[in-house]
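6 protein chains.
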Amino acid sequence: MFLRIDRLQVEMPLPKDPDPAAAAAVNELMGGRFGEMTTLNTYMYQSFNFRMRDKLRPFYALIANIATEELGHIELVGAAVNGLLYGADGKGSVAAGDAPFEDMFKQAGAGANYHINGPHGILAANSLGQPWRGDYVFNSGNLVLDLLHNFFLECGARTVKLRVYEMTKNPAARMMLGYLFTRGGVHAHAYALALEKLTGVEVRKMLPIPRILDAEIPECDKFIKEGSHRKLYRFSPDDYKEIAAIWNGPGLDASEILEVVDGPPQGGPQYQMDGVPEAFIPEYHPEEIVDIANKLYSAAGGSQP
Amino acid sequence: MFLRIDRLQVEMPLPKDPDPAAAAAVNELMGGRFGEMTTLNTYMYQSFNFRMRDKLRPFYALIANIATEELGHIELVGAAVNGLLYGADGKGSVAAGDAPFEDMFKQAGAGANYHINGPHGILAANSLGQPWRGDYVFNSGNLVLDLLHNFFLECGARTVKLRVYEMTKNPAARMMLGYLFTRGGVHAHAYALALEKLTGVEVRKMLPIPRILDAEIPECDKFIKEGSHRKLYRFSPDDYKEIAAIWNGPGLDASEILEVVDGPPQGGPQYQMDGVPEAFIPEYHPEEIVDIANKLYSAAGGSQP
Amino acid sequence: MFLRIDRLQVEMPLPKDPDPAAAAAVNELMGGRFGEMTTLNTYMYQSFNFRMRDKLRPFYALIANIATEELGHIELVGAAVNGLLYGADGKGSVAAGDAPFEDMFKQAGAGANYHINGPHGILAANSLGQPWRGDYVFNSGNLVLDLLHNFFLECGARTVKLRVYEMTKNPAARMMLGYLFTRGGVHAHAYALALEKLTGVEVRKMLPIPRILDAEIPECDKFIKEGSHRKLYRFSPDDYKEIAAIWNGPGLDASEILEVVDGPPQGGPQYQMDGVPEAFIPEYHPEEIVDIANKLYSAAGGSQP
Amino acid sequence: MFLRIDRLQVEMPLPKDPDPAAAAAVNELMGGRFGEMTTLNTYMYQSFNFRMRDKLRPFYALIANIATEELGHIELVGAAVNGLLYGADGKGSVAAGDAPFEDMFKQAGAGANYHINGPHGILAANSLGQPWRGDYVFNSGNLVLDLLHNFFLECGARTVKLRVYEMTKNPAARMMLGYLFTRGGVHAHAYALALEKLTGVEVRKMLPIPRILDAEIPECDKFIKEGSHRKLYRFSPDDYKEIAAIWNGPGLDASEILEVVDGPPQGGPQYQMDGVPEAFIPEYHPEEIVDIANKLYSAAGGSQP
Amino acid sequence: MFLRIDRLQVEMPLPKDPDPAAAAAVNELMGGRFGEMTTLNTYMYQSFNFRMRDKLRPFYALIANIATEELGHIELVGAAVNGLLYGADGKGSVAAGDAPFEDMFKQAGAGANYHINGPHGILAANSLGQPWRGDYVFNSGNLVLDLLHNFFLECGARTVKLRVYEMTKNPAARMMLGYLFTRGGVHAHAYALALEKLTGVEVRKMLPIPRILDAEIPECDKFIKEGSHRKLYRFSPDDYKEIAAIWNGPGLDASEILEVVDGPPQGGPQYQMDGVPEAFIPEYHPEEIVDIANKLYSAAGGSQP
Amino acid sequence: MFLRIDRLQVEMPLPKDPDPAAAAAVNELMGGRFGEMTTLNTYMYQSFNFRMRDKLRPFYALIANIATEELGHIELVGAAVNGLLYGADGKGSVAAGDAPFEDMFKQAGAGANYHINGPHGILAANSLGQPWRGDYVFNSGNLVLDLLHNFFLECGARTVKLRVYEMTKNPAARMMLGYLFTRGGVHAHAYALALEKLTGVEVRKMLPIPRILDAEIPECDKFIKEGSHRKLYRFSPDDYKEIAAIWNGPGLDASEILEVVDGPPQGGPQYQMDGVPEAFIPEYHPEEIVDIANKLYSAAGGSQP
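Protein chains in written order, with this note's numbering: chain U, 54 to 358; chain F, 54 to 358; chain V, 54 to 358; chain D, 54 to 358; chain Z, 54 to 358; chain B, 54 to 358.
Bear in mind the hints are in silico, worked out from the structure with no lab data behind them.
One or more of the hints may lead you astray.
You can't tell identical chains apart in this list, so a pair holds if it fits in one copy or across any two.
Here are the simulated DSS-like pairs of lysine-lysine, each with C-alpha atoms no more than 25 angstroms apart in a straight line [as the list claims (entries may be wrong)]: (1) Lys69 - Lys275; (2) Lys284 - Lys294; (3) Lys284 - Lys348; (4) Lys278 - Lys258; (5) Lys222 - Lys275; (6) Lys278 - Lys222; (7) Lys222 - Lys69; (8) Lys348 - Lys258; (9) Lys250 - Lys348; (10) Lys348 - Lys294; (11) Lys284 - Lys258; (12) Lys250 - Lys294; (13) Lys250 - Lys284.
Please model the complete structure; the sequences and the hints are all you need to start from.
Structure follows, in structure tokens:
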């Protein structure tokens, strides 16, 4: 089972200006074939279905623990898309006969869907608005094949992220991407190590795919300096400690040492975002329901922060 | 972000005999339109996209916390399907020209897929083998509409679960169903209360839908006696305490009092299941990789449990 | 706009015994690529989008009127599937720990879905349980191409119906099929005449495809004797009379004369079917809601028939 | 079975100027998850599958009759999209090497599909060009659950319509939306009443969702003045009179009385639209087929209007 | 089985300027319902499944041989899309913090997918980025029905190609279209002849659909002069000679004679296109892998051309 | 462009008895995510989109040539499924009121679809009857990533084939599987070599995945003895000779030498199969169309073999 902490895995600034086109591109990283929904659910299902887990705990723990980190990644991508849509609000009032969303969403491909069917926020879809599909999950049960797939998947996901990076200069989006390049790099590396333990083949020597180093990407600097690329966080109160049996020894840069961090990162606060009353989010007259919430709070003996 | 505990939310016995037909039916509860993937992701995305969450924290906390409980539900359904497939292993050897999976998987509809493409375990699909789709997620951003949907979704999910219950007598599957009837009932009730706070309409008086009481279902007895039906667990080290502003007061049976439990349930251990070497799960000669795992363990200073 | 008459287009006996396998096969005729949903919606959308309809009224009227007849066909197929499932009810009680639907739905492919997600009745899906899709509609706007498609579609639909006919001996299903062979034959013939008017090519001489005459199919006898194969009904109080400009002259058998019937057929009564309380259809204790309905009736000054 | 009247349920002006972007948005109201295809088919299938309909006629009649009104709604949305595309014709001739549709359809997302695969008219798809799917139909067979769903569905459909309204100022599109807001409001209200009869819960007090009154929307004025919001039309020559057992008494505004109108509305004429010969609609040289139609008419003793 | 010749079926100039919007439109001709993937696979599967092929060789050979020509058509459409994207490369460097693909792909609907998930080249999808589906294949096994379908399919494919032609003036795209109009015309004609042999109906007299002659399309001139419209190429070293039993006699213009050409056309060279290193195609520093290729060549005793 | 030879790549016996369940399983190898349609089209599109192909010819030639071999593989799988369905014909006559396909297709999952919508032959679908999808194609344009994917894909495809092997003892199906294990092994090996040339990582040392040697599978014996596992056929009259720059040197068993065979294999004859007149394949009275074919032959100066 799972616990939740009401923080993001990394501190991200709220974008200053809305950028719906970037939001649509970043949405690919959520619900595309190589999006975080695919990495998350693939590792999650592999952990659910892991046979002989008692006898193969280092491998089980590795997959189960990375799956848990990926839960935080879908949250991050969600926050990024919300942030990129923030402030893209229509002007004008329905009651006055205005069409507040006539201009903004006209050109952005799948973007109009954020307004029509969505919450002006992340959707479980790719950049074209096509829904994520459960058959993107790969789980054969054969450990070597599953790990080989995971290694490929991380490389494919990195390629897609690199290309989305190339489509927006938004600093908030890029900060998230810089973080995900680093963390995705850790995951690819970890699966490569697991494969190497099982087959003897030095798969990690293929990295990075594509052949651009994180160190060449400006937004990775901060995270490389923090050593994020050589740290595997343990996302559990007490379990999955066996990941240390795989994640140890020298890093890709042999002068560095791989490290298991015994707990989640510090992270950053959740975004606080106003509603879009013109789009009925959370309501056409939100002050009424805020009032209700305040009363509930008082009645329960608490007070609204 | 999230943490993981390597236990199930409830203790479930491992099925004594394989029951692939029941497994296929139970799989609907994972990846069907009204399966746990839909409840989980709907609430998860609603929590990601929640606007004005600082001012509407009781509602935000309710949805975010139930989403976290649902993570444990997909794990439970996964375990149940694995358990129902356990022992449905083929007899014979490929090298001897046998067809070890000729008979078992012949008739079970989508069931052959467990062998061909799957890990002899849970798939992110419905009972027909159709993949779960991201557009099953409903998230309009309008708080009343989203809560109304969630209330309907829980009732729809209960109906589907009741019908799957009617398709198998397997005690392990039914114990899980008994637990999920109770917990789903709590969720429906909680959303009804939230709706009532916002609109004044006593939606909870519609419960249960369909009109069969949990108390009429034998497998719910144990959980009713434990009071599970009036408890909302808080699945977080420190957050989401505001759920108490909604989940309080008398229960559906007015003689009972709703209670927030300050932490996750005790739960039960994960299943320990052997592999299916004939199906290459985790490998054709698993003893070789078990040996590797043991060495890793020793090298890392640990020892296999 | 449309009006509805609470009768079926043809009188069908209620099947004596349930036949879930036949139901699954017949469901193809509803939601398969060549099912009635496709013919209905193709002609419906062609009528919605018909340009220059004032100047091309015979063609417009033909398509619009056949679309309306197809509405009755989806109703017929729906009734047939319901009838084939009627009585396939589970025995036993949930409260007693029974699994009333364990046996019946085990083997029937998509059939379990009738119970799990469905109303023990028709679904908008094919025989495999795959949903009907809006892109089965063909409507290019080019009149000759659309008519050529419609002619092909009717022949394809006839092929599928013939093959479903070969999969069940159920007399009720076969009576419906006999009726639909005849009516589908009229539609293919009508589109062939329209094509011939426009291009001079005697397309109707290809009929029937496949090369088995309706007269060779026992269940068509009754309808041939009634002359159904040479009658085009006008399904409108006052409109679409221009169909007579296309549907006239000798039939495929030159000794017969094509006839426009100025109104709908007499048809037969709707099935009256009990509920399936074990499956919560319409409710677990239906007598309670019947009682409510009776009171509503009285209050409104009517009386239950 | 069904009859068809060659009129729209409401009189709509033909748009003066083409507006392909608005057309794409309005198409969501046809084939989106919350479009008219979903309301229509959900109620239609619920009526096909209704068990114990003799004993529960008020509920059966309500669903069956609203389904029939929805047939007119898909026709209305179809007309609106056609109208919005009307005049968006390319200039120039293929024979002269022109590319008449190069500019117009370049930017409009799914819009190019109207030209490539469509009839320059409505498609059975959503605003992204994704086909409508038969599994959008919800029909559990449990009467309370189905009615709860229908109530939710109408609220969801209203939300989507409100958001599309905010994306276009086209007067023709907005007149249709004003009409549909009113009629959708009647349907939501009617399902709420039915639920209230069965459960005692005053669901109608949640209306409207979202919390903007029709009276606040300028284009609803006309229809409110006509009392459309308190009228339920009976779309049948002689049947479904039992709807009066549910639709009676005071309206949402208690000073008004709910009324069953014994027949369809007067409505308005169908659009008459020229073809798009450059797109081969209905043909590259339409005058040739108009000539054929005229001759057919004469031969049949009629004359082209 | 099959052999491959490293040439295109027709010589096409490489486009001088990139035209991503035209690329997206042309992609419909690959993976749309009426794209070359559909014609190719339909005829391919019909040839795989052809029963009694020994006794019906002229029909078998016709379908099998046209299927092989279609393999060259998917290659042609692929080359055209690649050519239209050629040079649409981003400017700037990731390492310098640039967003080289920010502008170019912003507006082009499905076009961004060429960058995010694709190779800046053809995708197996339609113009909206929706994947081609195997159920676009039609193969009933009934020879007359399959041929009728093929005739319809070719007419539908021609309509779609005509409409794409109207969306771009790019000379390279149009040269390919001119070629495909001619070759598709041959296929429609050939299937019409096959149908006529079997049924006696002069289906070919319906051609062309839509009613615009190839001779009216400027880009067809060259191919008409070469007689391409009356030639059926035999794409096999030694087989399928029986096509001559169907493709013979006078052409649509009775003054011309149909001709079987005993081998493939001369065709033209493959495009030679540089990579897009900014998009990691074929790599971020391609000179490194070119160097590797050169060494392989030398080692194998060859030399790079 | 392509040429076709009317032979299979390997000689396969026609199955003696029909085995519809095995046919359904084998169909996965055609249209499943890891079926031959995926390998074929992935390599085909990679060859279409290959940038810098002049400078990287060994890699281009390898992919383009394996794609061509895969064309023969879809033909082989097609033949196998046809063979497994051969003789599964219904008994009895429609005209006599029989239901010739009532029994045979009742239980076989997707199998009924072979009759209802199919040609009693291969479908472009997986074992559940779900259509193959164009987004199974992977083609990023990055050479290392595409080759890594291809290596993974071949291993995944091998796993699926092994599991289908375990579901049938049919000798014809198993002979085909034995052949495909060997040929798929060559492809995995070839992609591993290409990856090794580019990255230096000895990927081939992971083979085989799963860890069962072809030599352990009885049906591979024949092909291993013929040396098929160390031969790469060149499927082209004159092109793709550069494959020798990659496929050379010692084999996986270092005592063997890899060999490029300069042309296609000898292969075996196509199956000759009777029709299924009861299913209208190729027609209800096939003797009539055989007669037509004979006359065409005579008229064309040939004679039926």
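These are the hints, each one checked on the structure:
no., hint, in the structure
1, Lys69 - Lys275, "within (21 angstroms within a copy, 43 angstroms between copies)"
2, Lys284 - Lys294, "within (14 angstroms within a copy, 31 angstroms between copies)"
3, Lys284 - Lys348, "between (45 angstroms within a copy, 23 angstroms between copies)"
4, Lys278 - Lys258, "within (22 angstroms within a copy, 36 angstroms between copies)"
5, Lys222 - Lys275, "within (17 angstroms within a copy, 48 angstroms between copies)"
6, Lys278 - Lys222, "within (22 angstroms within a copy, 52 angstroms between copies)"
7, Lys222 - Lys69, "within (12 angstroms within a copy, 29 angstroms between copies)"
8, Lys348 - Lys258, "between (60 angstroms within a copy, 21 angstroms between copies)"
9, Lys250 - Lys348, "between (59 angstroms within a copy, 10 angstroms between copies)"
10, Lys348 - Lys294, "between (45 angstroms within a copy, 16 angstroms between copies)"
11, Lys284 - Lys258, "within (19 angstroms within a copy, 29 angstroms between copies)"
12, Lys250 - Lys294, "within (18 angstroms within a copy, 38 angstroms between copies)"
13, Lys250 - Lys284, "within (19 angstroms within a copy, 31 angstroms between copies)"
Violated hints are absent here; each numbered hint is respected by the structure.
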